[in-house]
Structures are given as structure tokens and as C-alpha cells.
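From these two lone chains plus the hints, build me the complex, please.
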Amino acid sequence: MKNVIFAGVGGQGVILAGKILMQVAMDAGYDVKESEVHGMAQRGGSVDCHVRYSDRVYSPLIPLQSADFIVSLEMLEAMRKMDYLAPNGWLIVNLEKVDPAPVRTGAMRYPPDLQEWLSRNVESTLFVDTAGILKHVGTRKALNIVMLGVLSNYLEFDESQWEAAIKSLVKEKFAEMNMKAFKMGRDYRIPA
Amino acid sequence: MEKKVLLGNEAIARGAYEAGCHVATAYPGTPSTEILETIGRDYRSIKAQWSPNEKVALEVAAGASIAGARALAAMKHVGLNVAADPLFTFSYTGVNGGLVIVNADDPSAWSSQNEQDNRHLARAAKVPMIEPSSPQECKDFTRLAFDLSEEYDRPVIVRITTRVAHSQGIVELSEKSEVAVKPFVRNPQKFVMLPAHARPRHVFIEEQMRKLKDYSDASPLNRIEWGSRTRGIITDSVAYQYVKETCPEDSVLKIGMVWPMPDDLIRQFAAGVEKLFVVEELDPFIEDWVKMLGIRCVGKDIIPLCFELTPDIVGQALNGTNRKGAYPRYETNPIPPRPPALCAGCPHGYVFQVLARLDLNVNGDIGCYTLAALPPYSAMHTQGCMGAGIGMHLGMEKAHGPDIARRSVAVIGDSTFVHSGITPLIDLVYNKGTGTVIIMDNRSTAMTGHQDHPATGKTLTGEETHELDLAMLARAVGVKRVVTADPKDTAEFERIVREEVAAPEPSVIISNRRCILLK
Ligand code: SF4
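As you go down the protein sequences, you meet chains S and V in turn. Heads up: the first sequence is residues 26 to 217, going by our numbering. Heads up: the second sequence is residues 27 to 545, going by our numbering.
Don't take every hint at face value.
[To be verified] Computed, partial: chain S to chain V, Cβ under 8 Å: (1) Met47; (2) Met51; (3) Glu59; (4) Gln67; (5) Ser71; (6) Asp93; (7) Met100; (8) Leu101; (9) Trp142; (10) Asp212.
[Claimed, not checked] Pair by pair, the computed Cβ-Cβ distance ranges are: (11) S:Glu121 with V:Glu204: 48 to 54 Å; (12) V:Ala528 with S:Leu120: 51 to 57 Å; (13) S:Lys192 with V:Tyr356: 47 to 53 Å; (14) V:Glu493 with S:Gly131: 56 to 62 Å; (15) V:Ala382 with S:Glu141: 37 to 43 Å; (16) S:Arg134 with V:Leu544: 30 to 36 Å; (17) V:Ile361 with S:Arg165: 21 to 27 Å.
Don't read these hints as lab results, they were simulated from the structure. Where is the CB? At the ideal position from N, CA and C, for every residue including glycine.
Excised from the complex, chain V in its bound form (with noise of 0.2 Å):
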């Protein structure tokens, strides 16, 4: 069959289309954004959308799967904690048609803002992970997934992190499997999860997680590669391609299903060597369960806690090799950094131009305009995760009364608005709040590479579809000061955000102007 270069997140939406996938869903977040563009471009048999937030994402693919469907829902890391929810019931209700979540961490956080390691929610969830380590196993593991997730009535989670997603490889193709959408049965004890119902469902998938233990030993997922016994290597994701590369000549396990753990397979390897390392980036996952079973093991006292691994590291760790530069250091002058900034008129740059000089508190957000934080505007002052600025500009006021509100804004893209920003705007309605809110609306999800969202008016194939009108929703919610503005106009726009600022009720400001980049 045909190969091709592809990408880890190419490869996976490859593995969705021949297995005969047919709904998949995701909002737009690095290191995962690729997998659902390539599906929207190139395999046009899945009904593929771009949702407003990773929890609808989720809850559209379990819904299809409950109605028969083979399902995929992608997200990172961060998204899938705004999707736990789903994630931890739907593990009780199972599936009809597979079920599939592909999980992108990103160690280092490249692009994020934490680098929680995602594999302690599958435990937690009671959901089957599984790891693949190159573009090809993208492609395998993804369509295994789909099978298990069938067999063992699971959703089953993919995980991959930011090296995984962002290499080329290699990938032989297959056909595609045609499956059929099963019958939606109505079946409310396994469907509806009223507490009477999720206890018995609780015993059932304690039982099913049981069988997959059996499975994660004997799959071909967990694999033992002998070498020398002197020492042994446990290692999983993209840190097998670095014991690989440095530790050619020792045994390895290679843990490809991450949970549940392949108890006996550990305990076969363990017994085959004289010493036993573990190396995976991030926490210790496999090294606690390693050292619970009652087997000694050496992890992360020597492979570092924090950020990716590289071979260096790892052939440091292991081989005491120190590489460093081959050639003198120059030093005679700095070499300048080159950081990412706001393009050259960006939008964004305005706003914050005018909040600069107007020295507000600025509750920021997720989006390009978190790079204001930085140094030349220096005029973001707090940021957590998508939507919080909105709540926790309301916060403020709480805690310190009205006057903090009239030197203080929450700004938030139009992308992420939708995504996480209605709830908190109604929550500062509801509750007596009196901020103002700037939604910068640019017309796109920018920084993950100008997808479309709900308030463009176009879907993730192009088509057009009802634009939410963000005026209209901030009225709707009971925001009796709505003001669109072009915010190039800067001392127009600075008049606004004073008059709004200072106005002892919430008000929206629409600073309405598209990315630059956008075609």
C-alpha cells in the first residue's frame, strides 16, 4: 500500500478515516489543531466540526457514538479539563459506536499555560490510554482505538504530546474499514445517569477495566524488546524513540498502553534484568506504579521532572554522555532574542496601546493578545485559563468594591468569548458587577492558525452558517452598554474605554477590526 510523510496529527486523522469514523469534533488548540484541519480538508466522509469549547467538542462525539456512531473528539491538554466533565460520566455511560479522545499534552508548554501531564485523568476517569511514539503508531494506535473502545464499551484516550504531534514520519497507508452507524437504542440504565443507574454502571466498569488489564498484558500494544540484561528500560510516548536512539544495545518495555498498566508484563521484564530504569517525561506515572508493585526501579532521580526530553537528556541520564557545542562559544556581543510578538498592526495592538496609556488593571485572556503581557505594551496583569479574565474581573470587585472597577478592564478574543466567556458575562450581570469587558474581536481563533468559531459565520468546511451576533448576546445577557468601535482609531476608542470605564454599570466594548492576517 502507498506511504507518505506524515505528520503525528495527520496520521491520527488518517487512523480516524480508515477506521470508518464518521462524526469527529474538537476546538482548536496546540499542539492538536491539525488533526481535525486534516480531517476537514482530506477526508470528507467524516462529518467534522469545529465545536465552541472542548466539553461541547466532547459531548456532540459522545452523542453520536451513543447513537451508533464511530466518534473523535480532539482537544490539548488544558481542553480536556474543560471536557473532564463529560469525560468522567461518559466513562460510566460507555458507548455504542467507538469512541475515541485524542489527548495532546505539551511538555516544555511550547504553547500553553501549565504542562500537566494528562495521563493521571485516564486513571482517574477509569478510561483506557494509549501512547503511540511516531506517525506511524498515530495512525495504528488511532485505529485500534476505535476498536477497543467497542470491545471493552470505553471511550478510549490517545495521548500524544507536542513531539509526537509536530513530527513527520513515514506512515504506510491502509484501506478504510467501511463500518456502518449502528441503531440508537433507547437504554436509559446504561444512558441516563441518575444515581440508581450509575451505581450498578460504577461494578460494570471496574469489570470492564479489569479485562482490560488482561489486554494491556497480552497486547501488542506493551512490547518487550530484549537486549542485554544487564539493564532494563520501561519507557513510553516519544522518550522510547530516545532510549532507542542512545541505549541501542539494552532491553527495553515499551508501554504503549499507559493504563491500565500491563501489571505482568512488568514483573516478566523485571525479573529478565539486573537493573531497571524508567524513562518518561513529565511525573512518574510509571514509575509509581512500577515501584507499587513492589519493584525497585531508578526514574526520576535522574530524568528531570520538568519540560520535554530530548536524546541529550536521556543519553545523559543513562550513558553519562555530556555533549555541549563542538565549537568556541561566541561572545562578544549578545545575540538578540527573537520572541514572538503581535504582528505588525495587529489589532490588538491598538487596544492595548490605549489601555497602556490609561494604566487599567487588565484581566487578560488566552488568545495572540496574552503577548501583551510582555514588554513593549506590559499591560496584561493577570491570565489563567480560557474565560477566567471575565470572572476574575468581577472578583476584583468583590473583593475591593466598585472604585477597583473603574480602573480596571477584562479583555477577551471573539474565539475565546464563545469558548468560555458568556458564562461569566452573566455571571457579572447577575451579580451586581459594574466592570467593563472588552471582547477584541479579530474575526478568528488567531493563534492556533485563523480557524473559524461561531461568531465568523463560517464552519470548519467553509460553509456558511448563522454568525452569532456578540453585540446582540452581551444585550441578551443584560449588558445595557454595548459600544462597537474600530479600535485603529486610538483616541477614539481611547475616549470610549474611559466613558465605559467610569460608568458605574457592565458594559461591553466590541473592538471590531479583523487579524491582519486573515485573507
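Here chain S stands alone, though its shape is the one from the complex (with noise of 0.2 Å):
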């Protein structure tokens, strides 16, 4: 059983990567579920999906310590699934941060130390800086599919089902632009 989870805030795009994540898997064979929280329409509330793949799978709920990835598009956000993540898991993040109300407001702030704090407790860990790819890209709407290339590396499916996948669920005159971004995030090495 592989179980991947997706996080991140309303508009970054986290269930659609989860989406693609399923229908690569489904079409190389596997049985998938996936769970998703659906956000009320107010921007900027927490969003996560879970997915899972395997020759037969129950529940759509990941148990805790259970996942083999947390993919997260936020740093945050990544720290509420920590949980989640296996004793051996990958956690995979953005290293972009978007402030929540309490932080805009002033009433809190932003721990400055995260990054710090996962690199030392988490033995697999990989961090992100998509800024620049997605200057490259052209739009910080692919951020979620920059974080899905990365993921891909370590998944077994190849670049052809990805782009399978991307094609069928995106917008046609979106796939050239996903597809970029797909490879960005799949070449993306950690800068020395």
C-alpha cells in the first residue's frame, strides 16, 4: 500500500494534484481511494487529500504513522500532518510560506524555526524553493504540479503515464504549461 498525502490552502490547487496522483495509479493497475476535505468557498482555509493505491485498498482515511509521503504546499501545513508521516516517510515541502489570519492579523506569528526544526527531526526530508521555477514556468497556478514532479522520482510510474495522467484532467490549453512545470519539478535538485 502507498499513501501520499496532499496538503496545503484553498486555491493551491492540493486536490487536483491528488487527482492526477490517482489516475496515474489506477491506469497502471492498482486499486485507489482517495479523501478529501473540501473547504468552504472562503479563501485560505487548510485543504488536504489523502490517496492511496494498492491492489485493494478500504478506507479512504490514511491511518497515522502511516504515510509514505507528505507532500505539502505550504510549510504549515506540513507541520499539522506530521502525524501522519511514517517512521521512514518522505515529507516533501514548499518552502513558500502563506501567512494565516492569526499571522496577517498580528496576534501571531509565523514560527521562524520550522524548516530548522524538520531538517533536524526528520530524517527524509526534501525542501523546495519553487519561486524560481515557477517564475520559469510563467504562473504560480502549476505549483501544485511542480510539487507532483517532484514526488514522481520517487513513485514507480513513468514520465509517460504522468503526462497521460496531466493530459487527461487538465485544460487543454493548460497541458503544454503543466507539462512543463511537471518536468521542472521532476529535474528539481536541491541547489548545492
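Structure follows, in C-alpha cells:
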């Protein structure tokens, strides 16, 4: 069983990322299930989705300590999911921060040491500096696809399988841009 | 046949399509909204519509059914309260074409004002209820529900929960059945519920429910999966998936038809296992029934009564596994929460700035704007169900006299006003209230994802239609002071609110500004 959690903030495309992974896994012959929290219409709440694939999947929810990957499009959201990460699981985190309301109003501060703490306490972490990539892609909307590209290096599916799934799920006019984002994520290496 | 990844709600829409459903109705409500959205978008052979509220939605569907069509009405759990009146009596009339009601409960109240367990309503209304536990079952059970409805002359409720509605999985699609609309045949003994007609119908439906009990015992909807006989678990809905995940060795009785309950199957299962457990979300609906049959079982002693279950909760209760995090806890700084908040530039924000400044008592309602009860606005003081704010506003005045109306308002969104705000506004005028009602017209049912409604002038499928004029409606029910204003000019809006609240007669302010997320 492979368990992947996508986490982020409303509007970042968390659920589409999960949907593409499901499609790839289904096309490869797996049973898949997913569970998502639909934020309310308002912008800016936490959003996540659990994706699981195997020969047979029962629960659409991943149990605690069982996620092989947590792909978080936002740092704070990664912290909220830590209880799900398996002891040898990978944490893949976008370095960009999105201030939640209590930070914007000044009532609380965004913890400054999250990256450092995660690097120290989680064996397998990958922090992705997406800002540069997104500039190259030309739109911030492709953040979810960039992160999916990074994740793809760790999964068994080849690039053509991902391409087929992405093309079947995004609007045709955005397909090329999304494939570019996916490849840049897939080629991402931590700057030395 | 083709396989597709579908959301539970999309699978229900597909099931209705495959069943040859002709008419589908709903009022939007999380977690049920995507059912009608999917039908309106993907299955144009079905006449799909948003109704002003769930009662009307069910009545339109029932009318279609009695006229001979296959019809579906979808709603969230509290929506079925609104539609309970037609439900209880269309249970008596029964159907002509199949009538299916999809009811979406919300354990954990992810986006609701309560977490009521609507399995009780099936029993109270004497209608069969079936419960899918996966997207594939959502499709298959919905399709089957139409056949059952026609065969047993009962409306059938398909009950889902948030976790069933909002999970995706692989669904194997089938061909659509071509079902003709039957003729409408006049039959007042069946379709006009005078007392003299209702009494024999009551006898008839008790007989139908008895037949359905036999069906429930024999139906593939309820099935025993024998495993180890040491422990047997009766379970329904998504809890079944958690049981299979955490207790793969045990024997399981999967309940897919939860009303009427399969008594013989339960007895057979209980006799075949050493110890019996019931794992279900919310109320001990199955557990109480099992105990009523004189069978000992363990249920809510170990399974929580409140909030939705998870594989971890079920695993802990049944196996004593107690997983917490595998990593140390981050404790250096507090982690700021990310609660939902009004969007930056939301039209409601301006209204609540003004109401907070004026420090009025605010009788609120249901929509994005309910968030104004929280900081930074903290400007809503009562709220219950759809449309309640206006009646409560009048009730406060009845309790304290008109003075309190000089310090209070009721606020309600455009869609909520059309849903349930019109009758209490009539009451406010009729019973000589003097309060002010602010209709916050953002041109949308925003919270559930921007659906149209009668005052937007567009239908579910995007066609132009008559646009309900809220100001004219307010005047027609007898409100003489009706003002429309853009709340963004907060100084002017404040002046208007002061003036209207001070006036010793009923008034309506229409705060007119589009939701910023509308295209
Ligand atoms: S979705 Fe529209 S109405 Fe709701 S909070 Fe955002 S701007 Fe306001």
C-alpha cells in the first residue's frame, strides 16, 4: 500500500494534485481511494487530501504514522500533518509560506524555525524552492504540478504515464504549461 | 466497460443517469452539492434544477414521480428537516416513477450546524434507507434505489456521509437504462391524503415495510463476510471500510440497507460468532436494534458517539492499537491555526464592519457571513438554521418591546432569504414588528461554491430566467421602507443602517455587492 498526503491552502490545487496521482495509479492497474476535505468557498483555509493505492484499498483515510509521503504546498500545513508521517516516510515541502489570518492580523507570528526543526527531526525531508521554477513556468498556478513532479521521482510510474494522466485532467490549453511545470519539478535538485 | 475515478457524489449522479432518471432537484448544501452540479454538467438527459429550498426540491421530485418519471432529490442532513413534511406524507402516497432522496449526513459537522443522524428519519417516516460505503457502491446503490422504489411503492433514501460523499475511488460504469416516463393516472385514494385515504395507506405501507424486511434479509445489500468466529462486527457506511482495514481477520456483517433492518441475518450472524461488536458513526442506531432483538453486543461503550470515525479510532477501540505521531512534537512556538475567514474584499466584510461599529445585536443566518460571529468582527449573536434570524429578531422584540429593535438587526444572504426568509418577513410585518432586516445580496449561494438561485436570474444549467426582485418582494409583503445600497461605502451604509434601525416600523436594507469570487 502506498499512502500519500497532499496538504496546502485553499486555492493551491491540492485536490487536483491528488486526482492526477490517482489517475496514474489507476491506469497502472491499482485500486485507488482518496479522501478530501472540501474547504468552504472562502479562500485560505487548510486543505488536504489522502491518496492510497494498492491491489485493494478499503479505508479512504490514511491511518496515523502511515503516510509514505507528505507533499505539502505550504510549510505550516506540513506541520499539521506530521502525525501521519510514517517513521521512514518522506516529507516534501514547498519553501514558500502563506501567512494564516492570525499572522496577518498580528495576533500570532509565523514560527521562524520550521525548516530547521524539520530538517533536524525528520530523516527524509526535501525542501523545494519553487519560487524560481514558477517564474520559469510563467504562472504561480502550476505550484501543485511542480510538487507532483518532485514527488514523481520517488514513485514507480514513468514520465509518459504521468503525462497521460495530466493531459486527461487539465484543460487542453494549459496542458503544455503543466507538463513544463511537471518536468521542472521532476528535474529539481537541491541547489548545492 | 469503462472505469473512472469518481467522487462519491459524482458516482451518485452517474447512478441516477444509468437508472434512466428523468428529473433531479436540490438546494445546495455541503456535502451534497456536487450531485446536482454533476448531473447539470454531465448528464443533460436529466432535467436538473436548483429549487429555492429542500422542501420544494422534494415536492418537485415527488410531483415528477407521481406523474410517472424517475426522480431524485438531493440534500444535506439538515435539508431533510426542511423537507420532512413532504417526506412523511409522500411516504404514504408512495410513487409512480421511482423516487430517490439522497441524504448527506455530516459527522464531525465539517460544514454544518449540527451532526444529526438521519437514519432515525427513515424509521420515523417508514421509508427504506440504503447506505453505500464507497464510490462504486454510491453508483450501484443509487441505481438500485430506483428499482426498489418502484417495486415496493416507497420513496427510497440513499444516505451518505461527508466521508462517502467526498472520497474518490474507481467506479466501473455501465450503460444507461432507457426508461420511459409512465402516464399519470388519476388515483385520489393514493395521491390525495385526506384522512379517509391516509388510514388505509398507512396499513398498506406497513405491509410494504414488512415485505422490505424480507428483502433486507435476502438482499445482497446486506452480507456476511465470514472470517474468524472469535469476533463478529456489524457495521455500515464508511465505518465498514475502517473495520476491513483494521480487523481483516474478523467476521463482518456489512449493512447496506439500514432500514428496515435484516433481523434474521443479524440473528444468524450473532449465532455464528463468539463476541459481537457494532461499529457505526454517531448514534447507536444499529446497536439499539440488535439489543432490542435480545442479542448482546458491544458498541458505543467503546466506539465514540460524537464525531466521525477514523481507522485509528476503530483500531484503538477494537485492537487496542494506539498510534500517535512517530516524531517529536514541535513545541518551540505555537502553530498558528488557519481558520476559514471571509475573503479579502468580501462584500459581507463591509456590512459587519458597520454592524460592529454600531454595536447592534445581530440575528444571523447561514452562509459565509456566519464567520462574522468570530474575530475580527465578532458581530453576530444568534444563529440557528436557514432563515431563523428574521423570526428570532421578531421574537426578541416580542420579549422586550420595540426598544430592543432599535438596537438590533437581522442579517441574511440572498439565497438563504429565498430559501426560508420570506415567510418570517411576512410574519414580522403581519405581527407588527418594527425591526430592520439586512438582505446581503452577493448574487450567489457563495458558501457552497457559487450556485445560482431565483434572485440571480440564472438556472442550474446556466439558462436565463426570471430574476426575482428582492426589493419588490419586500414591498409586496408590506415593508414600506426598502433601501438598496452598496456596503463598500461604509460611511453611507452606516448612515442608512442607523436611520432604518431608528425608524419605528419594519424596514429592509438590501446590501448590494457581488461576491468577489464570482466570475
Ligand atoms: S466566497 Fe464570496 S461571499 Fe464568501 S467569503 Fe468569499 S467573497 Fe465573501
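Tested hints:
1. Given the 8 Å rule on beta carbons, the hint for Met47 (chain S) holds: about 5 Å separates it from the nearest Cβ of chain V.
2. Annotation: interface hint on Met51 (chain S) holds; nearest CB of chain V at approximately 6 Å, less than 8 Å.
3. Contact between Glu59 (chain S) and chain V, as hinted, is supported at the beta carbon level, the nearest pair being about 4 Å apart and thus within 8 Å.
4. At its closest, the beta carbon of Gln67 (chain S) sits 5 Å from a beta carbon of chain V; the interface hint therefore holds under the 8 Å criterion.
5. Taking 8 Å as the C-beta contact cut-off toward chain V, the hint placing Ser71 (chain S) at the interface holds, the least distance being around 5 Å.
6. Annotation: interface hint on Asp93 (chain S) violated; nearest CB of chain V at approximately 12 Å, more than 8 Å.
7. The beta carbon of Met100 (chain S) is not positioned within 8 Å of any beta carbon in chain V (closest approach about 10 Å), and the interface hint is therefore violated.
8. A distance limit of 8 Å between C-beta atoms decides the matter here; for Leu101 (chain S) the minimum to chain V is near 6 Å, and the interface restraint holds.
9. Annotation: Trp142 (chain S) was flagged as interfacial toward chain V, and the flag holds, the nearest CB pair being 6 Å apart, inside 8 Å.
10. The interface hint given for Asp212 (chain S) is broken, as the beta carbon of that residue sits about 27 Å from the closest beta carbon of chain V, more than 8 Å.
11. A beta carbon spacing of about 53 Å between Glu121 (chain S) and Glu204 (chain V) agrees with the range 48 to 54 Å that was offered as a hint.
12. The hint said 51 to 57 Å for the Cβ distance between Ala528 (chain V) and Leu120 (chain S), and at roughly 55 Å that hint holds.
13. Judged by the Cβ atoms, the range 47 to 53 Å given for Lys192 (chain S) and Tyr356 (chain V) is violated: they are separated by roughly 39 Å.
14. Distance hint for Glu493 (chain V) and Gly131 (chain S): a CB-CB separation of about 43 Å, inconsistent with the stated range 56 to 62 Å.
15. A beta carbon spacing of about 40 Å between Ala382 (chain V) and Glu141 (chain S) agrees with the range 37 to 43 Å that was offered as a hint.
16. Between Arg134 (chain S) and Leu544 (chain V) the CB atoms are about 34 Å apart, so this pair conforms to the stated range of 30 to 36 Å.
17. Taken as a hint, the range 21 to 27 Å holds for the pair Ile361 (chain V) and Arg165 (chain S), whose Cβ atoms sit roughly 25 Å apart.
Of the numbered hints given earlier, the model fails hints 6, 7, 10, 13, 14; all others are met.
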